[in-house]
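**Student:** Residues per chain, in single letters:
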Amino acid sequence: MAESTTGTVLVLGAGSAMARGIAAAFASHGHALYLAGRDLEELERIASDLRVRTGVDVDFGQFDALDTQSHAGFVQAVLAEVGALAGVVWAVGYMPAQEQALADFGEVQRIIDTNFTAAVSMLDVCSAHLEKESGGFLAVISSVAGDRGRQSNYYYGSAKGALTLYLQGLRNRLHSSGVRVLTIKPGFVDTAMTWGLPGLFLVASPEQVGRAVVRAVQRRRDVLYVPWFWRYIMLIIRHIPERVFKRLKL
Amino acid sequence: MRSRRMSLSGWGRFPVQECEVWRPERYHDLMLREGAMTLRGQGRSYGDAALNENGNVVLNARVNRFIEFSPDTGLLRTEPGVTLEEIVSVCLPHGWFLPVTPGTKYVSIGGCVAADVHGKNHFRDGSFGAAVQAFELLTADGARLSCTRDNNSELFFATLGGMGLTGVIGEVTLQLRRVESAWMKVRQKKSPDLERVFADLADGDPEDEYRVAWIDCLARGRHLGRSVTMSARHARMDDLSGTRRGQPLVVAPRRKRTLPFNFPGWALNSLSIGVFNHLYYAREGARGGPSVSDYDRYFYPLDAIAHWNRMYGKRGFVQYQCVLPSDTAFDGMREILERLSRSRRPSFLAVLKRLGEESGGLLSFPMPGYTLALDLPLRGRGLLPLLDELDRIVIEKGGRVYLAKDARLSAEAFRHMYPRLDDWLAIKGRIDPDNRFTSSLARRLGLEPPHG
Ligand SMILES: Cc1cc2nc3c(=O)[nH]c(=O)nc-3n(C[C@H](O)[C@H](O)[C@H](O)COP(=O)(O)OP(=O)(O)OC[C@H]3O[C@@H](n4cnc5c(N)ncnc54)[C@H](O)[C@@H]3O)c2cc1C
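Each protein sequence line maps, in turn, to chains R and Y. So for the first sequence, this note's numbering puts the first residue at 1; every next one is plus one. So for the second sequence, this note's numbering puts the first residue at 1001; every next one is plus one.
Derived from the structure by calculation, the hints contain no laboratory data. Ideal Cβ placement from N, Cα and C applies to all residues, glycine included. Do not rely on the hints blindly, as some may be mistaken.
Stated by the list, open to error - On the chain R side, residues computed to face chain Y include the following (Cβ under 7 Å):
(1) A17
(2) E42
(3) R45
(4) S48
(5) D49
(6) V52
(7) R53
(8) A192
(9) W195
(10) G196
Could you build the full structure based on these sequences and the hints that come with them?
**Tutor:** Below, the structure is given as structure tokens:
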């Protein structure tokens, strides 16, 4: 069954390029949007852009992922404004250089809080609401970095890995309620996070990611690798024996 | 924000330079916090206007949001990175088209203001700037200035055609033009010599909105300047029939092909181009009455082939575009074409247009007269000296060379071509005394604040 085109999609962390690509893809399928993020001026720009390009209704509001106390109230306020939610996209992420984290535990905490704790807090609130409504979806950006710990990126990777496991459990719990959970695992996507990093190849555009996410939600998929071949790259990487893996410079 | 070291070039693929490239995603990050910088849109200027050798280049591609569009009035406000392609695809279904468009739609609106681009309707509607109602300028001191013809008007006219050297062109407000359909009514006609082309461009059918001539620049003697002159206007409902009439604002998207590799150097020589020109002149010129074409094929024939610049081989090419004022244009163009056909340096694409009134932009290219654009592959020695010779003719006739296409003009020649340069420099000195906005072109031509 195709996803209905009614109801608003709430996009959390809407200021990033990947979120913009996903929001645009939902809008082009006729979904109204609520964009939530930190930088109100930017959100306003993105909102008007999507309105002009697609003609859908786009609301926006300020949301701080790290302020978990505010999450429940924020979702209540959004619901009061838009009525019903078709689904929720979680696109909040934080990835500083690994050296920065190694030098400063504050950074490590920020990585874990943003990529894991904040996600769990918000997704708990949202899933409780969708469960009550007996439908809808959660589309959550995790990362291929969460599939295996590597020396170059294991703080970020372990936080995303924890998020992936949380989503497995959530999917399992919500299955009978009709709420679907999609774990999105981007490989290299052409965003501010990857711009300027050496050695990137076969990078997907945010627009391609957006289209793939909408397709995966419509087809009720559980896990989406974008670009698709990362599924196979990670399959290989996950299966390298630890004895060998620990010697690799990855 | 992180930057990336990259080899960049303009569309002509000459010169190629190492630059430190930034790609902000947020509007206010278009202005780098420190250091000198060059803005870059889609890199469709031909030479070094959007290059900054060993310095910062800031891409506006991700800062491309539509802010406001009124389907009632056709007034559009966007961020600078929005491309003309995006504008057409969003606004044409509402019956609004670009007031002025260059020969490719893959350019940013910021780049169009910076170069004050012109189209095939310049003789009638003026340049891009004529339709620009306002823009925001992010200046070196961190201000965001709203510029219109009345408000900050000095900056408005220094920025229009100012090649990005007065500040970041931010949001642009543009008045679109009403059209009844997405189709064009086109007529083609042979103009057997230079005299006839000039006449055909100057006084064709008063209904024509667009006019341009394709010149066979290998033709010599009494054939010198022989051309196919193309005129067109936006088709109206009664020009259309059948399904087109039912859905006048919709055209099917074109298949896009890619030129997969650089052509070898010998592929384009005077013989192959000569044969092509001959056939083209015979075939296109012989077409009967008017035909109806979709806007995409009419305005952007080359856009159907991605990377068509590879046709000129690895070493790239330069485009030479000059304008000569009405009273000297005929003699001047004849000299230039004679010089060119004598040199046996073939230009694959040679286009002649008539230009109308100036826009007021201090460094804007268009002036009332005729403009000739030539694509010349960089091969052998001798090309650059030949172009220097053409510069001398242009200066003598009171004309100028187009900066958005230029890669090799000298500062000396430039100064003779742009009489309002000193006014511009005075404004530059005031608005950007520390020369934060620069480019390889700016250094080459001395577009820098006095005593800076
Ligand atoms: C096939 C083809 C056909 C063309 N036909 C025509 C034509 O018919 N008429 C015509 O006039 N031109 C024509 N051009 C030239 C083209 O329209 C101009 O060079 C235009 O400026 C390119 O826009 P861009 O976005 O690619 O800008 P770029 O090439 O990236 O930059 C051009 C200039 O604009 C500046 N700039 C870009 N963005 C900003 C900004 N936000 N703020 C400040 N400065 C900025 C750059 O610094 C640079 O000086 C043609 C080009 C091609 C490739």
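**Student:** Taking each numbered hint in turn, which are not upheld by the structure, reported in ascending numerical order?
**Tutor:** As far as the earlier hints go, not one is violated by this structure.
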